[in-house]
Structures are given as structure tokens and as C-alpha cells.
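A.B. asks: Residues per chain are reported as follows:
2 protein chains.
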Amino acid sequence: MTGAPDAASPWVRICEGRAHVGSVVEVRGWLDHHRSSGKVQFLVLRDGSGTMQCVAVRSDLPAEEWDALGALTQESSLIVRGSLRADARAPGGVEMGLQSVSVVSVAEAYPITPKEHGTDFLMDHRHLWLRSSRQHAILKIRAELIGALRDFMDAEGFLLVDSPIFTPSACEGTSTLFETEYFDEKAYLSQSGQLYQEAAALAFGRTYCFGPTFRAEKSKTRRHLIEFWMMEPEWAFATLEDVISLEERLLVSVVGRILERRAEELKIVGRDTTALERVQAPFARMHYSEAVERLHAAGSPFEWGGDFGAPDETTLSEQFSTPLFVTNYPAAVKAFYMEPDPADARLSLSCDCLAPEGYGEIIGGGQRMASLELLTRRIEEQGLPQEAFEWYKDLRRYGSVPHAGFGIGVERTLAWIAGLDHVRETIPFPRMLNRLKP
Amino acid sequence: MTGAPDAASPWVRICEGRAHVGSVVEVRGWLDHHRSSGKVQFLVLRDGSGTMQCVAVRSDLPAEEWDALGALTQESSLIVRGSLRADARAPGGVEMGLQSVSVVSVAEAYPITPKEHGTDFLMDHRHLWLRSSRQHAILKIRAELIGALRDFMDAEGFLLVDSPIFTPSACEGTSTLFETEYFDEKAYLSQSGQLYQEAAALAFGRTYCFGPTFRAEKSKTRRHLIEFWMMEPEWAFATLEDVISLEERLLVSVVGRILERRAEELKIVGRDTTALERVQAPFARMHYSEAVERLHAAGSPFEWGGDFGAPDETTLSEQFSTPLFVTNYPAAVKAFYMEPDPADARLSLSCDCLAPEGYGEIIGGGQRMASLELLTRRIEEQGLPQEAFEWYKDLRRYGSVPHAGFGIGVERTLAWIAGLDHVRETIPFPRMLNRLKP
Chain A
131 MTGAPDAASP
141 WVRICEGRAH
151 VGSVVEVRGW
161 LDHHRSSGKV
171 QFLVLRDGSG
181 TMQCVAVRSD
191 LPAEEWDALG
201 ALTQESSLIV
211 RGSLRADARA
221 PGGVEMGLQS
231 VSVVSVAEAY
241 PITPKEHGTD
251 FLMDHRHLWL
261 RSSRQHAILK
271 IRAELIGALR
281 DFMDAEGFLL
291 VDSPIFTPSA
301 CEGTSTLFET
311 EYFDEKAYLS
321 QSGQLYQEAA
331 ALAFGRTYCF
341 GPTFRAEKSK
351 TRRHLIEFWM
361 MEPEWAFATL
371 EDVISLEERL
381 LVSVVGRILE
391 RRAEELKIVG
401 RDTTALERVQ
411 APFARMHYSE
421 AVERLHAAGS
431 PFEWGGDFGA
441 PDETTLSEQF
451 STPLFVTNYP
461 AAVKAFYMEP
471 DPADARLSLS
481 CDCLAPEGYG
491 EIIGGGQRMA
501 SLELLTRRIE
511 EQGLPQEAFE
521 WYKDLRRYGS
531 VPHAGFGIGV
541 ERTLAWIAGL
551 DHVRETIPFP
561 RMLNRLKP
Chain B
131 MTGAPDAASP
141 WVRICEGRAH
151 VGSVVEVRGW
161 LDHHRSSGKV
171 QFLVLRDGSG
181 TMQCVAVRSD
191 LPAEEWDALG
201 ALTQESSLIV
211 RGSLRADARA
221 PGGVEMGLQS
231 VSVVSVAEAY
241 PITPKEHGTD
251 FLMDHRHLWL
261 RSSRQHAILK
271 IRAELIGALR
281 DFMDAEGFLL
291 VDSPIFTPSA
301 CEGTSTLFET
311 EYFDEKAYLS
321 QSGQLYQEAA
331 ALAFGRTYCF
341 GPTFRAEKSK
351 TRRHLIEFWM
361 MEPEWAFATL
371 EDVISLEERL
381 LVSVVGRILE
391 RRAEELKIVG
401 RDTTALERVQ
411 APFARMHYSE
421 AVERLHAAGS
431 PFEWGGDFGA
441 PDETTLSEQF
451 STPLFVTNYP
461 AAVKAFYMEP
471 DPADARLSLS
481 CDCLAPEGYG
491 EIIGGGQRMA
501 SLELLTRRIE
511 EQGLPQEAFE
521 WYKDLRRYGS
531 VPHAGFGIGV
541 ERTLAWIAGL
551 DHVRETIPFP
561 RMLNRLKP
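From first to last, the protein sequence lines are chains A and B.
Letter by letter, the first sequence follows residues 131 to 568 in the numbering used here.
Letter by letter, the second sequence follows residues 131 to 568 in the numbering used here.
Treat the hints loosely; a few may be bogus.
With a straight-line cut-off of 20 Å between C-alpha atoms, the simulated SDA-like cross-links for lysine to any residue are [said to hold, decoys possible]: (1) K350/B <-> S305/B; (2) K567/B <-> K350/A; (3) K567/B <-> E309/A; (4) K348/A <-> R554/A; (5) K316/B <-> S305/A; (6) K169/A <-> V185/A; (7) K245/B <-> V399/B; (8) K316/A <-> N564/B; (9) K567/B <-> L514/A; (10) K348/A <-> T306/A; (11) K316/B <-> A346/A; (12) K316/B <-> K169/A; (13) K567/B <-> G341/A; (14) K350/B <-> F432/A; (15) K464/B <-> V399/B; (16) K567/A <-> S299/B; (17) K567/A <-> K316/B; (18) K348/A <-> P298/B; (19) K567/B <-> W521/A; (20) K567/B <-> Q321/A; (21) K567/A <-> V399/B; (22) K523/A <-> Y240/B; (23) K169/A <-> A198/A; (24) K464/A <-> E503/A; (25) K350/A <-> P441/A; (26) K523/A <-> P241/B; (27) K567/A <-> P515/B; (28) K348/A <-> E315/B; (29) K567/A <-> Q321/B; (30) K523/A <-> E315/B; (31) K348/B <-> W521/A; (32) K523/B <-> E503/A; (33) K523/A <-> R554/A; (34) K464/A <-> E420/A; (35) K316/A <-> T306/B; (36) K169/B <-> H150/B; (37) K567/B <-> F296/A; (38) K316/A <-> K316/B.
Simulated from the structure, these hints should not be mistaken for lab results.
Isolated chain A (complex conformation) (with noise of 0.2 Å):
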């Protein structure tokens, strides 16, 4: 039935559309809804690049034809022809006066309606709850915020360069790791490329890593996800300053971009997108105790010293316009490769940036310990295993310089975007806890 496309009626995309008025082509497509006022049919087609409606006159079609549209059901595959024409009020601008109608097939019930359903229903029904129109949007702004970060990344001459997912040693401790037999061996899956980058950016000068992670843990809030996407760039010779710089531009970049071409889909998502106009250079910036102090002012019990929960990253976040740069946390509550602040011993040179709006953090990082000496007594004092870390030792053996970089979470990054209240949505096939399938 679908056989080749006509050279006289070229398939064409919903979205190229306009592109066409005035031809006849085919459009291929699933059945949103229709309705129905008896001598004209209206079936409203969805093709994946966006909706168009679709009109068909009893008197243009043979009977056949005519019967088989109205017994048509929810998500059936049609492949229609018709001419196009400019029509201000249908969706996309433009609309089709149908000629022809192949049925491909023709779907049972479908089983989600336009009544509230569950989350659970609709997670347990993910690969067809992406045909929603939400959805739909979601996950194109998603798309977008990935080429932005890639493009952005490859433009200030950051190399790709993948970091492995099965890593040999449970080096931070195996309570959030995934482990799996490799032959003869263990082998943990990576909750950070970081490491591995260290290696590249001394070899490469600036380089970036962009894959899934990993983290078995036993969270079920609306910012955890058991696997997520996160990219990782880290540049040789930079400093916190110029790691803090670079997020900046990035954020500015990647939001621009969004702003620019996905302002159908926030508008769908029902994104308050003046909040993200706000997103410009300088970001608001404090210091670790200055942001305790503004805990305290908030009524906060939070004691100096600690790492920030949710609830405090909230508060902090949503004092702000831009995202907030929080800089210098104790060397305590943050990874032993992190340089000390040689201002301040207990402290070390991190950034944690946190989205506005209470979203909290999207983007950690820091500067690396250049010290091959420092960095073999904090291995001794987390009780790590030496041997394990060789081959990183090794990077302050040859070459050591001042280094720094930074992860930034996608699914986070996004729900703050979108203006999303849980990640569950942010990912086309979420993995949490209790939740595996489909």
C-alpha cells in the first residue's frame, strides 16, 4: 500500500510544508484525531516533524475512500495526497485538501486518552507517551540543548574524546557503583569520565567527554535519575577563574540557542521564557560562607561545612535571576583531586553552579591537584589503593600543569530549561529506581 513516492507527488515532511503550497504531495503519518460534518472530513496528521490538518470532501474522494476515514481510529497510519494551501489558522500555516487516501493500518484502542492517566501508566506506556505533543517538545528541546553544548564545546576547540564506561577499580567506594563481571575481572560502570579526561586535556590542551552515567543510588526524588548524560570538559593550563568563565558563556550560549529555535516547544511545555531571557554575563557569585550566611538569614540550622542538600540549593537558587556560581566548598564534602585554596586550607577550588528558579545544581566542577606529592598523601588519607591511581600519578609526573574542568548534567540542565518540575520527562527512556522498563 505504501509502495514507492510519486515523482509528480513528492513525500514531503509536515514541518517543509510551506515550502509546498500550492503542489501536490504525500504526506506519511499517524491520525491525531478527526472529526466529522458530513461532507467534510477533518483529520488532523501527525509525521513526527509536526501536525497538519487534513480536509476531505465527500465529492473528492471515491466512496471507498471516504468510508475508510471515518472508521478510522487513533494513531492509524495513513499515507495521504493532496495540494497544499496557506491557511493562517491551521497549525504549521498551512493546511491539505486531500486527493487520496492509503491506509497502512489501522490501530486498536489506543490506550492513552485524552483522561488523566498516572505517571506510573504513562511510564509503563514510555514508548508511545513520546507521540504526545508535550513530549514531542521535551525531548526536541532536548536534542537542541545537546548539539548546543557539542557545538559550543567544539567551537572553543574542546576535542571529543570519549572516556571509557567500564572502569577497573571501585576507587570511591562501591556503595553508588554498578558492578558486572568483565571475564576474569570486576569492572565498575564509570560515574564520571573526569579522570580520563585529565589524561586527554594534557595531551589534547582542551578536550570534552559527552556520555551516560551512572549512579546506583537509592534516591527517589525529582532530580535523581539512575542513568543520565553529562559532559565533561577539562582544559590544561586553566584555572577555577577560567573554568567559571567558560560555564558562563556556555549557559548564555546554550539558552540563546534554545531561545531562538525552540520557542514552539517551550510554548508548549508552558515555559515562562522572560525567566530565561535573564540568562546574561555576570551570573551572581559567592563564596561557600557567604552562601552559609545566607542560609542562616533564611532561617536555615545548616552548619558550616557541610555540602548543600536540595533543599538548601533551592533556597539559594531561588534568590537569583541568572544561575549562581557557589565557589571555594571545603575539601571535606568535595572529590580528593580537587586543589587546595591556598587561601584557605580547609577549602578547596571548586564551583558548583546552581540553576535558578530552585533548581539547584547542573554543573560541578573545579580545579585539579597539580601536585604529585599532595595528591599521593589525600590517596593515603581517603585509604584509596596507590596502585590503582598509578597511571593518573602519572599525569603529575610528566607535565603536571594547572588544570580545571567541570561536569554539566543534561537532564538537570534541561528540566531547568523546560521548566520541568521532575527529570522523569528529560530522558526518552528514564531509568530510576523501581523503574527499568520499558
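With chain A held as given, fit chain B onto it using these hints.
C.D. replies: Below, chain B alone, put in the same frame as chain A:
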């Protein structure tokens, strides 16, 4: 010692040197090698973007800096300042007249020396080996290939929709799957994102995923990695012919871009680029049965009905100067979801693409089964649990359409384009049988 860049002598990357000829600039990098002729020292510096010769004249430098230069070891890190001048003999066409040097760190005796090292030694030192000009060239071609693959798909209207890595059931047998505890369940690492791309394509029309893939194969060949990257496009309303045409355009596009943008790197790895220039449409193409006849003609005892092994693919792909499409493989050697060949029920609407010069398979793909009834029967025949595939069968219940797609392996494609004997150098940190480090 590093300090902030001086406004009067900005930090410049070596690849940008030409634009700064006549200016005093700062370059930060590592010492590749140096030589002295008494009153003049020549330092060749690598900064990850290129290499540059710096010329130090004794009378231009303070005595202590001059002496420090003489004592520098390979891979020591430096910040140099000086004026750039054009010099056609210099790599990159620019050299620096040194005015000052800051030594950031003096390297210990570098383990990778000009003498020959065995592969195991180099692989054990992969974090340092990455600094060699050959590994630089290969990984820059890799990044270009990945960018070219993505840009092509984006331009063709395919949306990036990431498939999950964690999958719930060991659908196609566990022998080559990595397993992990996922809270109270078992999860398996994805070997292909395809089934999920089918769901995505029926939602978005044209989609692709691009991510790491894991196969626990005990194969120790030049074509096998345990962890490798794959791009998998899926296209709704497309036939086998449509995806063959798409694959052809994709390969012409990415090879052309690499020839254009990575000519220098192809030269460094010694690639015969005339072989790449022959990658033009139309590619060679043959039916599976013809391929079997060709093997027989070449003296092989290959039996009709089997799958090709690496030596068979080599025999076939050596006969052509373009990539070779082999179509219509027996259904029995392909996955259960392949659409049967309407011309011969023993065959499937499948196609592999073999790279020329004996490189063998780089793409596998085909048209997917559209019929719910037939798919249900095939799952039954394979002894697979229907329950695990209900979501996948839903794609045939609600708007089934002809659809097709393929998977292209990054590392095998790169091995061919860069002319490498073995895939182990095509990925920054290879994971192979007996190789999980560093």
C-alpha cells in the same frame, strides 16, 4: 608561575599562530624535543592543537632561563612568550622567537621513548601514549567522524533520541551480555538501541541514537572491542531501499568531510587518500546469493545459508573500490525482527555494508517486521518470552508502518577511514579481552 595571561601577550593556541604573526604572544604546552647549537636552542612545543618551534638565542634571555632550558626533559610543561614569525619550513608555518620562559613543571624521565615498544607496553601507558602525533591524528579523525555522522543525520531531519543503556531482560540470550544488579532486579547493558529507536521513529518519524555499546564476546581479533560506539538511525515509512540510499549518502558525506578537514591527520597516519576519494555513489551492491557465488569462485567452501565470517567479508570487500552492500541475508542469520523478503521467505530484507580494502562490515541494517501476527510468531519460534516484548509489539498494534534503519560502528568505520590494522587505536581507552586498564 602560570599567572593570568598578559594582555600585551595573549595566550594563543598553536593552531591559531598564523593569525598572530608579527605579535608577541604566550604559548602554553609541553616540550616535545629540543636541541642546542651552543648559542641557540630550538624547542619544539606541543600544546594539543599543534606543534611549534621556539628559537632561543642566548643573548636574548636571562642566564638562569637559558640554563633552565638546557636542563628541560621531554614532556616538561612550559609557558613561553615571544614574537611569532612566518617560516615556511616550520611545522604550521610559524615559529617563535623566545623572549621569556616559565617552567611550570620538569618531567621525570618519560617512559615512552623513540625506541620500539610492544603493544602491551603502549596500552598500559595509554594515558601517555595519547600524546604521540599518531594517536593525536587518529583521535582527531575520530572526533571529525563523530561530528560528521551527527551533522549528517541532523541535516536529514533525524532527531537524536537516546536509547537507554540499562535494559530489563536478556532478550536475545545472555551469553554476550554484561549483567548487573539493579536494586532488586537484574539489568543488562545494551548491545543495541534499535528496539527503542523503533519506538522513537514511530513517534518522531526519523530518529537516531549514538552511544556506547557492550558485547561480552571472547573474541580477540583486530575487529573486536568489548566497549564501542555505535550510531543507530531508524526511519518510519522507509524501506530497505530507502536506508541503503541513506547509508550511501552518509558514507560519501563523512568520508568527503574527513578528506577535506583532516588531510593533515590522514597524512600523519599514512593513509592512501586516493582509496578514500573513490568512495562515491553508486556503491557496489550484490544479493547474498551472488556473494556466496563470489566466495565459491574465490575457492571458499562457504555454504549457502550461513553468515559471513571476517575472512569472507575480507574476500568480498577486497574486490571493490567502493563500500559494498550485501543484501537479502538468510532470515536465520539475522535478528528475529527482520522483515521477510517477499521474493523468498528464507531471506530477509537486510543489508550489511562492507568497507573496501578488506575492512569488512561497518554497517548492519534492514527493514523491520511490520506485522504483529508474524512478529508474535517469530518471538514464539525463538523461544523468547512474549511478555518482555509486549511494549515492542505495541508498535505494531498502534499505527504499524514499514520502517527501516541501521547501526554504524564508529571504531570499525574509523579503522577503515584511517587505514588502521587494528581497532585498538580507534578509541581513547580501549576495552578488550584482558584489557580493562588504564
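A.B. asks: Please flag the earlier hints that this structure goes against, numbers listed from lowest up.
C.D. replies: Of the numbered hints, 2, 12, 14, 15, 21, 30, 31, 32, 33, 36 do not hold.
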